[in-house]
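Make a model of the complete structure from these sequences and hints.
Heads up: the protein sequence lines correspond to chains G and Z, in order. Reminder that position 2 of the first sequence reads as 2 in my numbering, one-by-one numbering, no gaps. Position in the second sequence (from 1) plus 1000 gives the number in my numbering.
There could be a bad hint or two in this list.
Partial list, computed: chain G residues near chain Z (C-beta under 7 Å) [as the list claims (entries may be wrong)]: (1) Met76; (2) Thr82; (3) Asn86; (4) Phe91; (5) Tyr97; (6) Arg101; (7) Leu110; (8) Pro111; (9) Tyr114; (10) Asp164; (11) Asp238; (12) Leu239; (13) Lys240; (14) Leu242.
Read the hints as simulated data drawn from the structure, not as lab findings. All residues carry an ideal CB built from backbone N, CA and C; glycine is no exception.
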Amino acid sequence: MNTLLLETKGLSKTYIMGQINVHALRDVDITVNNGEFIAVMGASGSGKTTFMNLLGCLDKPTEGSYWLDEVEVHKMSSEQLTVIRNEKIGFVFQSFYLLPRTSALENVELPLLYSKKSSAQERKAKAMQALEIVGIADRSTHFPNQLSGGQQQRVAIARAIVNDPSFILADEPTGNLDTRTSIEVMAVFQQLHRQGKTVVLVTHEQEIARYANRHITFRDGRIISDIINENPADARVDLKNLPLEED
Amino acid sequence: MSIFGIIKIALKSLTRNKTRTFLTMLGIIIGVAAVITMLAIGQGAKKIVEDQVSSMGTNVIMAHSNFSGTAVRQAAGGGNLITVDDVEAMRDLDGLLYASPVYNTWGQLKYEGKNWRGSIAGVDADYFFIRNMSIAQGELFYGSDVENGNKVCVIGKTVADNLFGDIDPIDKVIRIRNIPFTVRGVLTEKGQSVMGHDQDDIVIAPYTTVFQRLLGRRWRVMSVIVSAQSKDRIHLLQQDILDLLQARHRGTTSEEFIVSSQTELAETANEVSNTMTILLASIAGISLLVGGIGIMNIMLVSVTERVKEIGIRMAVGAGKRDVLLQFIIEAISISIMGGILGILLGFGAAKIVGNTMSWNIAVTPWSIALSVSFSMAIGVFFGWYPAKKAANLNLIDALRYE
Ligand SMILES: Nc1ncnc2c1ncn2[C@@H]1O[C@H](COP(=O)(O)OP(=O)(O)OP(=O)(O)O)[C@@H](O)[C@H]1O
Ligand SMILES: [Mg+2]
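Structure follows, in structure tokens:
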């Protein structure tokens, strides 16, 4: 369980805006092991999303190094990063980012389409399986606009896990959801974590961070605290204790 | 991703916005249909001209006096009038097969109560062979008729219909300018000539008879029609005839005679119809170009609209190449589908034009190949820029795009 997943050294990102340099991330050193469930926290503008984008190979650092599964990611071309994203990383975004007018099943199939390995049948089976894991298999033919926010986020999570990635990155996945739905989604993440998945999740709500096993806090682009949460809350229990929504 | 998968994605996104896809396609449909129709019309016209040129006869050369321009002043004395003796002299030329004088005139034709104004040609018996004329009914007249100046004639279908109707014209006597001529035969139908006149509206009689009985004292202009023994003799024979005419008419220049050949005429006619075809096709080509610009326009709009989609695809593993291909294939699909529909429409239009003008219009395989490859090229050409734009989007910016 304690094998190394990723490591960053002096990871920095500077945006050049005309005359001003915005140091969105400064000298971030971090190691993440397989099987961790991390909540990344911090005030707005502290660099959480920037950090996620770098971990997710969506963007390249200005300086510093990043090893993922013992591969030197910071030296890779954007084409190589595309393959890494496809094979090793699953993304969940705040506003779901599902393709419109495309069924839930087809949305989940998307990462498989861009990897060479599988046949149409295998793709379908895998996507269906992912939808079952997040508990929304009965909505597989629905379009995103026919699903509630929580359901859409489940579909997005299914898409993130369908290619069996090394880790899941979620940027404020509950940002657009109400309390109950947020806890439901967190229950899904906890379930994935129990099944051995690594999850890195950005949030600025303490309520949400409670479910993670490790808390990393950013301020002004630096990590100001990195602590282990010995007693993470159980979302399933919270759901049971939650009074039924009055509507 | 495999090219197959990309094609599937491209087609799917096209079917998502059917009206727009169809409207974009319309430009290509109209363009391709126009190219096909125009080429078909051009080809049809060319074929008709070719048929008519060959209906003149085989290896034909014509000679006549030039009375126009500067030549007319020099020829004031009539020194360049071609004579029957000139024709006799031509018969000895190398490579000549047949020669015949031709007197062209016209006059009132009468049979019993019926009247018809027709053109009359006075010719030698060889004329029929030179012009590949055959008889539908009755028989031709012969050399002896020419020698004896017999008052006989063969008539074209139009003349026969107008003078005789249902009556059998053979051996009946018609009056040409009140001179009685016996009808020997009716010619096989030839239809319209290159110049658009009715080749069956003709009475053909021995030139001797026409000369003696029908021509006035003053107007005795004669032309000559000759056939060469073979195609490759034509050019040389043409020159020999011109030399002979000049030698026999002292003091004339080469401009005072016009010696033309069927091949020349065919070439000119061909040139004219080729020019017409090119003109028509380029007009059609412009509409195809406009259609292509329409594709580019819509693809650019579509890329802008779908920035987020592109960002999502890239985030989950679509490479630049995948995005580039997806958009190019969308553009090519529009243009190829438009091309196919355009071909069908063009076929229909060509058929309608052909039927109304009773032309035998030909849609050639190469015009189909041309328009398909052209529309495909348009897809690639006009799809490239928008696709490149899509593929070069910055991933983070694309995901943030609102
Ligand atoms: N593309 C960009 N160009 C310029 N500056 C940027 C860009 N993206 C982020 N920044 C700046 O970098 C800093 C960190 O931004 P980031 O989005 O990482 O913050 P965040 O912690 O995710 O905030 P929030 O909680 O509001 O999402 C901010 O000051 C932001 O203005
Ligand atoms: Mg953020």
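Evaluated hints:
no.	hint	verdict
1	Met76	13 Å, violated
2	Thr82	5 Å, holds
3	Asn86	3 Å, holds
4	Phe91	6 Å, holds
5	Tyr97	5 Å, holds
6	Arg101	6 Å, holds
7	Leu110	5 Å, holds
8	Pro111	4 Å, holds
9	Tyr114	4 Å, holds
10	Asp164	13 Å, violated
11	Asp238	31 Å, violated
12	Leu239	29 Å, violated
13	Lys240	34 Å, violated
14	Leu242	32 Å, violated
Hints 1, 10, 11, 12, 13, 14 from the earlier list are contradicted by this structure; the remaining hints agree with it.
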